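For reference, the chains in residue letters:
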Amino acid sequence: MDKVYKNAADALEGLTFDGMTIMAGGFGLCGIPENLITALRDSGAKDLTVISNNAGVDDFGLGFLLQTRQIKKMISSYVGENKTFETQYLSGELDLEFNPQGTLAERIRAGGAGIPGFYTKTGVGTLIAEGKEEKEFGGESYIMETGLVADLSLIKAWKGDTEGNLMFRKTARNFNPMMATAGTVTVVEVEELVKVGELDPDCIHTPGIYIQRIIKAKHEKRIEQRTIRQRGED
Amino acid sequence: MDKVYKNAADALEGLTFDGMTIMAGGFGLCGIPENLITALRDSGAKDLTVISNNAGVDDFGLGFLLQTRQIKKMISSYVGENKTFETQYLSGELDLEFNPQGTLAERIRAGGAGIPGFYTKTGVGTLIAEGKEEKEFGGESYIMETGLVADLSLIKAWKGDTEGNLMFRKTARNFNPMMATAGTVTVVEVEELVKVGELDPDCIHTPGIYIQRIIKAKHEKRIEQRTIRQRGED
Amino acid sequence: MPWTREEMAKHASREFQDGFYVNLGIGIPTLVANYIPDGVDVTLQSENGMLGMGPFPTEDEVDADLINAGKQTITELRRTSYFSSADSFAMIRGGHIDLSILGAMEVSEEGDLANWMIPGKMVKGMGGAMDLVAGVKRVVVIMDHNAKSGAAKLLKNCVLPLTGVKVVDRIITDLGVFDIDDSGMRLTELAPDVTVEEVKQRTEAAFKVADDLIKN
Amino acid sequence: MPWTREEMAKHASREFQDGFYVNLGIGIPTLVANYIPDGVDVTLQSENGMLGMGPFPTEDEVDADLINAGKQTITELRRTSYFSSADSFAMIRGGHIDLSILGAMEVSEEGDLANWMIPGKMVKGMGGAMDLVAGVKRVVVIMDHNAKSGAAKLLKNCVLPLTGVKVVDRIITDLGVFDIDDSGMRLTELAPDVTVEEVKQRTEAAFKVADDLIKN
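Chains as they are written, first to last, in our numbering: chain A, 1 to 234; chain B, 1 to 234; chain C, 1 to 216; chain D, 1 to 216.
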């Protein structure tokens, strides 16, 4: 089983279709599958439901798919950095489902773990609870949230081996590991593609079972908020 | 905040009481907190409810606490290797709650993650489902299982730093990471106690926030089934 | 002539497809790993937290921190990864394992499985069996066709407490191979010199005989 | 004289206890990290998957893979560990974080918090705020006592959509400090030259005045 593909376009070959649900890893622009997002745009697939914590910025990441109007609906926790998004949302072209960030993360984990529903205190008594089943445990109220899965998960890792074993780097891990488990097919782009056996088996974040296709790619890694201290400052 | 204690007895000082609920890590005898279990026995605390995948063997691990009749109830998935257990169970001295192994693991994770209940397909239509709420998702039946927490979690890691950051080794990881999150207090014994900064921050399995006390200890690491192949065999 | 344990295991090895992730139960199922066909790459999962299980260790390779779900010492491979029990069963429950091969005490004609408990005897526990049959994509049972007493083990309904309901896809016994789907149980293959008549006599479950029944 | 932003932050830093794990929101709450008292060891969590957040990087330390929940570049410390968003919110939801300090648009006298949405305006999303207020052991709000319009922000009931119900334990405004528990809201401290009368005029919520009210 060869999981290694030549490039992002190859890696998405045969996997995309109109109306599909896609998960895209990353937090802000950190740890996003830059190359696979571009390839998804180029595939032309439209009416997409995209599950991603954020919506990119106007000219990078998921912003590309907003520009081309390929996204029909976003499931996110925060979309504040994207004017294209705002315009399309306010005009009614784009549907939006907000999830508290931890609820979103857990729904994705649950989807990958075969858990169709779970209870959380997050959002009880707020708009988020509307229409959701409520249950008491130990005298406290909780709401039920459901598991999320996708037809295709696009994720970004630091190192990967040819079996699909992955390691993420620093806060670029974020949503990527759970999304890897929740896609019917999961495609990953890595900075370094290594031979099997080169990753420490105790340090593998995502076992290869979750990865169907892998590419090595170059990453721009754009920074949203470049905050600096002067040398000597604390 | 100094989390490092001199030995197992010191590390349990003030934490034990009759009737308490304890989680003990390990799978079989692999990755069990050998020294903390002995110290728990020596503490004399009785009427314990112990949550542990297995019950040790007659003369090692949780078997010690069965010999002294300190355990009132076990929550486990498999207890096949312990005659003391069998005797006490059949005589009605010992209460037993079986959980499917994956359900047990997930209940512990849920307990640590603030999730009081979740749905699983495991056990639907079996004895395990009796008395549990059943719900349909997508036309299939699931049962609700609840989160588990403990007054005290005893776990065993490979390396730990003085902040309580931990790494486990190979299959000795098993139930230890989830139990670390589900104890009101969690005490860990490690083979190597290292300085802060010596563990790779991308490879830490359990962040120090979950650990209140840590000791360095020696481990017998008894093997239950020593299966060997001859050199040259596949 | 009924199949031997090894022949049953060899038969079960046909289930392996290239790239499969597989969980093998204790006993005869473990033997199936000896018959992975050439050119077929299979990764074995052990539910105590390991993907990529290697063979038993040589004397000097023995490592107390490295055991399988049967608590036997084993080895790792170059592809191996380790994870917690929660992550391991997330993998199983989430439907990521392609195939589980396991033993059974009883199987019903609808695919109910009983393999963990005999009332009145000391119960050891179900371990991960309930999770495996509920979560794994395809469940294959290997077992003797009859109990030592001669009693049928392929039943209309299981008598013993269940491990899972409608979970078994295929049963390989010493007498033959049975497939189960929504239309019921179907005999698809016979061991050498075994007749349909003999199978019927030794089986309580109702089953059809496949049009293309294979006689070995 | 009402407190400045820095004075409010400094005041909030009294919340820190040795060994605390703390999550700080964006804005004034971030400033609180500058006032960690000597001898008090506090570990900062960032909900995008990091425990042990360090200061902003120098120019040559900038790393695109290392940002906080405000998407700002930051640094790691020797104690730092990284984890997924699911693990991060398991930590938050599970009650393992001792303290969260965050901003607010409105707080009710029962401790309801609104800080994520103004109807009619483009909504950016709640991010991790709902999870933090639901899960963290102690929630402290820092905010201006009144809106720019002069409108009260400490209300009988929040007008804006809620982030959480009965979640706020303490409010630090430029005018003083309020504690909330089951018995209601209580003014415990006043900024210099601020009178109880002034606070009452600028507050819609009903509050008691603590017997041991501290006047600065």
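It is possible that part of the hints are untrue.
[Said to hold, decoys possible] List time: in silico DSS-like cross-link candidates among lysine-lysine, alpha-carbon distance up to 27 Å: (1) C/Lys166 with B/Lys135; (2) B/Lys159 with A/Lys159; (3) A/Lys73 with A/Lys195; (4) B/Lys132 with C/Lys166; (5) C/Lys148 with C/Lys137; (6) D/Lys10 with D/Lys200; (7) B/Lys195 with A/Lys135; (8) A/Lys3 with C/Lys148; (9) C/Lys124 with B/Lys132; (10) D/Lys166 with A/Lys132; (11) A/Lys6 with A/Lys135; (12) C/Lys137 with B/Lys132; (13) A/Lys221 with D/Lys124; (14) D/Lys137 with D/Lys208; (15) A/Lys83 with D/Lys121; (16) C/Lys148 with B/Lys73; (17) C/Lys137 with B/Lys135; (18) C/Lys124 with B/Lys46; (19) C/Lys121 with B/Lys132; (20) D/Lys148 with A/Lys72; (21) A/Lys46 with A/Lys218; (22) B/Lys3 with B/Lys195; (23) D/Lys156 with D/Lys166; (24) C/Lys124 with B/Lys72; (25) A/Lys132 with A/Lys159; (26) B/Lys73 with C/Lys215; (27) C/Lys200 with C/Lys215; (28) A/Lys83 with D/Lys10.
[Unchecked claim] So the derived list for chain D, only partly shown, Cβ under 10 Å to chain B, looks like this: (29) Pro55; (30) Arg78; (31) Arg79; (32) Phe83; (33) Asp87; (34) Gly95; (35) His96; (36) Ile97; (37) Gly184; (38) Thr188; (39) Pro192; (40) Val196.
If you are wondering where the hints come from, they were derived from the structure by calculation, not from laboratory data.
Keep in mind it's a predicted model, so treat the numbers as computed, not measured.
Yeah, the Cβ is synthetic: ideal placement off N, Cα and C, and Gly gets one too.
Against the structure, the hints come out as follows:
A C-alpha spacing of about 18 Å is found between C/Lys166 and B/Lys135, which places the hinted pair at or below 27 Å, so the restraint holds. Using a Cα cut-off of 27 Å, the hinted pair B/Lys159 and A/Lys159 holds, with the two alpha carbons roughly 24 Å apart. Restraint check for A/Lys73 and A/Lys195: the C-alpha separation of about 38 Å exceeds 27 Å, so the hint is violated. Distance check on the hinted pair: B/Lys132 and C/Lys166 sit about 20 Å apart at the alpha-carbon level, within 27 Å; holds.
Distance check on the hinted pair: C/Lys148 and C/Lys137 sit about 31 Å apart at the alpha-carbon level, beyond 27 Å; violated. Proximity of D/Lys10 to D/Lys200 is assessed by CA-CA distance (about 24 Å); at most 27 Å being required, the pair is judged to hold. Straight-line distance between C-alpha atoms of B/Lys195 and A/Lys135 comes to about 45 Å, which puts the hinted pair past the 27 Å bound. A distance of roughly 47 Å separates the Cα atoms of A/Lys3 and C/Lys148; the hinted pair therefore is violated under the 27 Å criterion.
With a CA separation close to 22 Å, the supplied pair C/Lys124 and B/Lys132 stays within the 27 Å bound. A distance of roughly 20 Å separates the Cα atoms of D/Lys166 and A/Lys132; the hinted pair therefore holds under the 27 Å criterion. A threshold of 27 Å between alpha carbons decides the hint, and for A/Lys6 with A/Lys135 the separation of about 50 Å lies outside it, so the pair is violated. Of the supplied pair hints, the one linking C/Lys137 and B/Lys132 holds, its CA atoms being roughly 25 Å apart against a limit of 27 Å.
For the hint linking A/Lys221 to D/Lys124, the alpha-carbon distance of about 23 Å falls within 27 Å, and the restraint holds. A C-alpha spacing of about 24 Å is found between D/Lys137 and D/Lys208, which places the hinted pair at or below 27 Å, so the restraint holds. With a C-alpha separation of about 13 Å, the suggested pair A/Lys83 and D/Lys121 falls inside the 27 Å cut-off, and the hint holds. Proximity of C/Lys148 to B/Lys73 is assessed by CA-CA distance (about 35 Å); at most 27 Å being required, the pair is judged violated.
Between the alpha carbons of C/Lys137 and B/Lys135 the distance comes to roughly 22 Å, so the proposed pair stays at or under 27 Å and holds. Taking the CA atoms of C/Lys124 and B/Lys46, the gap is about 24 Å. The hint holds against a cut of 27 Å. The hinted pair formed by C/Lys121 and B/Lys132 meets the criterion: a straight-line CA distance of about 25 Å does not exceed 27 Å. Restraint check for D/Lys148 and A/Lys72: the C-alpha separation of about 37 Å exceeds 27 Å, so the hint is violated.
With a CA separation close to 26 Å, the supplied pair A/Lys46 and A/Lys218 stays within the 27 Å bound. With a C-alpha separation of about 12 Å, the suggested pairing of B/Lys3 with B/Lys195 holds against the 27 Å cut-off. A hinted pair counts as satisfied when its Cα atoms are at most 27 Å apart, and D/Lys156 with D/Lys166 qualifies at roughly 12 Å. For a cut-off of 27 Å, the pair hint linking C/Lys124 to B/Lys72 stands: about 18 Å separates their Cα positions.
Under the criterion of a C-alpha separation no larger than 27 Å, the hint pairing A/Lys132 with A/Lys159 is inconsistent with the structure, at around 40 Å. Taking the CA atoms of B/Lys73 and C/Lys215, the gap is near 53 Å; set against the 27 Å cutoff, the hint is violated. About 15 Å separates the Cα atoms of C/Lys200 and C/Lys215, which keeps this hinted pair within 27 Å; it holds. Distance restraint check for A/Lys83 and D/Lys10: the Cα-Cα separation of roughly 36 Å exceeds the 27 Å cut-off, and the hinted pair is therefore not satisfied.
Proximity of D/Pro55 to chain B is violated relative to the hint, the smallest CB-CB distance being about 16 Å (cut-off 10 Å). The beta carbon of D/Arg78 comes within 3 Å of a beta carbon in chain B, closer than 10 Å, and the hint placing it at the interface holds. Proximity of D/Arg79 to chain B holds as hinted, the smallest CB-CB distance being about 5 Å (cut-off 10 Å). The interface hint given for D/Phe83 holds, since its Cβ lies 6 Å from the closest Cβ of chain B, which is under the 10 Å cut-off.
Checking D/Asp87 against chain B: minimum C-beta separation of about 8 Å stays under 10 Å; hint holds. Annotation: interface hint on D/Gly95 holds; nearest CB of chain B at approximately 6 Å, less than 10 Å. Restraint check, D/His96 versus chain B: the minimum CB separation of about 5 Å is within 10 Å; hint holds. Residue-level restraint check for D/Ile97 holds (minimum Cβ-Cβ distance to chain B is 8 Å; threshold 10 Å).
Interface restraint check: D/Gly184 against chain B, minimum CB-CB distance 27 Å, threshold 10 Å, status violated. The closest approach between the C-beta of D/Thr188 and any C-beta of chain B is roughly 27 Å, which is over the 10 Å cut-off, so the hint fails. For D/Pro192, the interface hint is violated, since its Cβ never comes within 10 Å of a Cβ in chain B; the closest pair sits about 34 Å apart. Given the 10 Å rule on beta carbons, the hint for D/Val196 is violated: about 38 Å separates it from the nearest Cβ of chain B.
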